[in-house]
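Use the sequences and the hints to build the structure in full.
Residue numbers (the working numbering), protein chains in the order written: chain A, 1 to 112; chain Z, 113 to 226.
In short, the hints are calculated from the structure, not lab data. Warning: the hint list may mix true and false statements.
What the hints assert, rightly or not - In silico DSSO-like pairs for lysine-lysine, Cα to Cα no more than 27 Å straight-line: (1) Z:Lys180 <-> Z:Lys168; (2) Z:Lys218 <-> A:Lys62; (3) A:Lys83 <-> Z:Lys218; (4) A:Lys62 <-> A:Lys83; (5) A:Lys78 <-> A:Lys44; (6) Z:Lys117 <-> Z:Lys183; (7) A:Lys44 <-> Z:Lys218; (8) Z:Lys166 <-> Z:Lys180; (9) A:Lys44 <-> A:Lys71; (10) Z:Lys218 <-> Z:Lys168; (11) Z:Lys168 <-> Z:Lys117; (12) A:Lys44 <-> Z:Lys180; (13) Z:Lys218 <-> A:Lys11; (14) A:Lys15 <-> A:Lys62; (15) A:Lys11 <-> A:Lys44; (16) Z:Lys117 <-> A:Lys44; (17) A:Lys71 <-> A:Lys15; (18) A:Lys78 <-> Z:Lys218; (19) Z:Lys117 <-> Z:Lys218; (20) A:Lys44 <-> Z:Lys183; (21) Z:Lys183 <-> Z:Lys168; (22) A:Lys62 <-> A:Lys44; (23) A:Lys78 <-> A:Lys62; (24) Z:Lys166 <-> Z:Lys218.
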Amino acid sequence: EAGVAQSPRYKIIEKRQSVAFWCNPISGHATLYWYQQILGQGPKLLIQFQNNGVVDDSQLPKDRFSAERLKGVDSTLKIQPAKLEDSAVYLCASRRDLNTIYFGEGSWLTVV
Amino acid sequence: DQQVKQNSPSLSVQEGRISILNCDYTNSMFDYFLWYKKYPAEGPTFLISISSIKDKNEDGRFTVFLNKSAKHLSLHIVPSQPGDSAVYFCAAIESGGGADGLTFGKGTHLIIQP
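If you want it as structure tokens, here you go:
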């Protein structure tokens with residue numbers, strides 16, 4: 001089966017600009033996650049979707065981050081305006097069950 | 113407050129020997145644990161998991177041990193191979209509710225020496 005697809009792979013923006021990341025999960029996976037991984041840290045959950053509904057967004061900085069999953073398939077994560085501390089890898093993962101949580105290759109963001 | 117801790121940032125092991133990676137957790141509600149392996153510029157890849165109702169799970173060269181009373185788990189790799197050099201993340205889930213995202217440790221960089 002095809003894996004989790006993410007784009008773009010790399011993005012460099014200036015602070016206060018905006019950026020959007022796209023994720024296409026594995027077909028049939030109802031649960032989708034966005035994680036933020038800062039260099040030297042483990043991934044941190046930003047938001048969890050079940051189909052097109054939000055299950056958990058308690059750690060999403062809602063003043064600048066937003067995410068949506070229209071039609072319960074693809075998802076986008078947006079940052080506006082970006083800050084220097086948003087430099088990180090943004091990982092998308094999808095899940096069939098607890099034993100099958102698959103990650104994409106990540107979108108690397110550098111804010112200068 | 114870190115709920116999942118990997119206290120060894122790096123570990124160096126000779127090829128052919130056993131690699132033991134450790135993980136501690138503080139949240140007693142965690143009931144499912146997973147290990148992921150990550151190469152540079154790639155996403156984490158699932159390795160092995162264990163439910164809290166078990167104390168051991170084995171898959172080929174990989175074995176995970178869970179000690180619930182100590183809130184400790186470990187990943188054993190035997191024998192260690194050069195391709196095992198990567199960053200290993202321990203992750204935990206509190207299942208049973210709707211919000212069941214993974215909580216990760218900071219990772220351990222495993223280096224297999226020839």
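Do the hints match the structure? See the list:
no.	hint	result
1	Z:Lys180 <-> Z:Lys168	11 Å, holds
2	Z:Lys218 <-> A:Lys62	24 Å, holds
3	A:Lys83 <-> Z:Lys218	23 Å, holds
4	A:Lys62 <-> A:Lys83	13 Å, holds
5	A:Lys78 <-> A:Lys44	16 Å, holds
6	Z:Lys117 <-> Z:Lys183	11 Å, holds
7	A:Lys44 <-> Z:Lys218	10 Å, holds
8	Z:Lys166 <-> Z:Lys180	9 Å, holds
9	A:Lys44 <-> A:Lys71	25 Å, holds
10	Z:Lys218 <-> Z:Lys168	23 Å, holds
11	Z:Lys168 <-> Z:Lys117	20 Å, holds
12	A:Lys44 <-> Z:Lys180	24 Å, holds
13	Z:Lys218 <-> A:Lys11	24 Å, holds
14	A:Lys15 <-> A:Lys62	17 Å, holds
15	A:Lys11 <-> A:Lys44	20 Å, holds
16	Z:Lys117 <-> A:Lys44	13 Å, holds
17	A:Lys71 <-> A:Lys15	31 Å, violated
18	A:Lys78 <-> Z:Lys218	25 Å, holds
19	Z:Lys117 <-> Z:Lys218	7 Å, holds
20	A:Lys44 <-> Z:Lys183	21 Å, holds
21	Z:Lys183 <-> Z:Lys168	14 Å, holds
22	A:Lys62 <-> A:Lys44	15 Å, holds
23	A:Lys78 <-> A:Lys62	10 Å, holds
24	Z:Lys166 <-> Z:Lys218	24 Å, holds
Violated hint for the displayed structure: number 17, the only one.
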